[in-house]
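Fit chain Y to the supplied structure of chain X, relying on the hints for placement.
Here is what each chain is made of, one letter per residue.
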Amino acid sequence: AQKVTQTQTSISVMEKTTVTMDCVYETRDSSYFLFWYKQTASGEIVFLIRQDSYKKENATEGHYSLNFQKPKSSIGLIITATQIEDSAVYFCAMRASSSFSKLVFGQGTSLSVVP
Amino acid sequence: DMKVTQMPRYLIKRMGENVLLECGQDMSHETMYWYRQDPGLGLQLIYISYDVDSNSEGDIPKGYRVSRKKREHFSLILDSAKTNQTSVYFCASSPDWGEGAEQFFGPGTRLTVL
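So the protein lines, in turn, are chains X and Y. Be aware that the first sequence starts at 1, since it is given in the working numbering, and climbs by one per residue. Be aware that the second sequence starts at 1, since it is given in the working numbering, and climbs by one per residue.
Everything labelled a hint here was simulated from the structure, so no lab data went into it. Hints are supplied without guarantee of correctness; some may be wrong.
[Stated by the list, open to error] Listed below are the simulated EDC-like cross-link pairs for lysine to aspartate or glutamate, each with C-alpha atoms no more than 16 Å apart in a straight line:
| no. | chain 1 | residue 1 | chain 2 | residue 2 |
| --- | --- | --- | --- | --- |
| 1 | X | K102 | Y | D51 |
| 2 | X | K55 | Y | E30 |
| 3 | X | K102 | Y | E102 |
| 4 | X | K3 | Y | D59 |
| 5 | X | K55 | X | D29 |
| 6 | Y | K3 | X | E44 |
| 7 | X | K102 | Y | D26 |
| 8 | X | K102 | Y | E17 |
| 9 | X | K102 | Y | E22 |
| 10 | X | K102 | Y | E57 |
| 11 | X | K102 | Y | D79 |
| 12 | X | K3 | X | E26 |
All values derive from a computational prediction rather than experimental measurement.
Chain X extracted, bound-state conformation (with noise of 0.2 Å):
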């Protein structure tokens, strides 16, 4: 079975500053997606980044990076230089090869980023 987890559950940093959320996962399957989600205090969820198991190279969009360690089962998101619009609830996500398209979430990190 497939298993997602993140640990924080939230963390306060300040403007401009860069943070680092967690995500540890499980699952048996050789392939397999990562994602990480933002849920804004609207509730609105949208897509921000994702990386393909297979790839060595970390992925990288604008401000937001990876940082993937495979042999540890983990994948944690980056982001550099915050803005208080960062502030919000992210959630790390895998799919496995083998789930028919079925996407697990993590437990969610909520983040505050305060002037």
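Just chain Y now, with coordinates in the frame of chain X:
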């Protein structure tokens, strides 16, 4: 304009009443999903639909059923709603180009069962 819509956005029902939540997408995505979100539990998959009349149970299907008669429309039905089905329900869709495709989410429906 690519989007997923959900109706209604807010709904209050009494225990035992039937509930119909509707979802639409204008992107011709084959795969659609229904999730519920409860505090501290993230998003839990209720049902997944791979295309018209091709539906599969997710992780928590008990108490729910779905209907997909058109590719762009996916309904979630609660027959005789229970108080523990009070939650926020999200619909999502994804293109079918592979397992790496991201999901597009609707705005959510907040359901309260009294």
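Proposed proximity, D26 (chain Y) with K102 (chain X) (alpha carbon, max 16 Å) = violated, 21 Å
Pair hint K102 (chain X) and E102 (chain Y), alpha-carbon separation not exceeding 16 Å | holds, 11 Å
Are the Cα atoms of K3 (chain Y) and E44 (chain X) separated by 16 Å or less?
-> Roughly 12 Å between the alpha carbons, so the hint for K3 (chain Y) and E44 (chain X) holds.
Are the Cα atoms of K102 (chain X) and E57 (chain Y) separated by 16 Å or less?
-> Distance ~10 Å between K102 (chain X) and E57 (chain Y) Cα, so the pair holds.
Satisfaction of hint between E30 (chain Y) and K55 (chain X), Cα-Cα up to 16 Å = With a Cα-Cα distance of about 27 Å, the restraint between K55 (chain X) and E30 (chain Y) is violated, given a limit of 16 Å.
Starting from K3 (chain X), check that the Cα of D59 (chain Y) is at most 16 Å away, please.
-> holds, 12 Å
Does the alpha-carbon distance linking K102 (chain X) and D79 (chain Y) stay inside the 16 Å limit?
-> Distance ~24 Å between K102 (chain X) and D79 (chain Y) Cα, so the pair is violated.
Does the alpha-carbon distance linking K102 (chain X) and E22 (chain Y) stay inside the 16 Å limit?
-> Violated, at roughly 20 Å.
Quickly compare the C-alpha distance for K3 (chain X) and E26 (chain X) to 16 Å and report which way the hint goes.
-> Given pair K3 (chain X), E26 (chain X) holds - Cα atoms ~5 Å apart, limit 16 Å.
Does K55 (chain X) pair with D29 (chain X) here, judged by a C-alpha cut-off of 16 Å?
-> Given pair K55 (chain X), D29 (chain X) holds - Cα atoms ~15 Å apart, limit 16 Å.
With a cut-off of 16 Å on the C-alpha distance, tell me whether K102 (chain X) and D51 (chain Y) pass.
-> Holds, because 14 Å separates the two Cα atoms, which is no more than 16 Å.
Do the alpha carbons of K102 (chain X) and E17 (chain Y) lie within 16 Å of each other, as the hint requires?
-> Violated, at about 30 Å.
Consistency note: the structure conflicts with the earlier hints numbered 2, 7, 8, 9 and 11.
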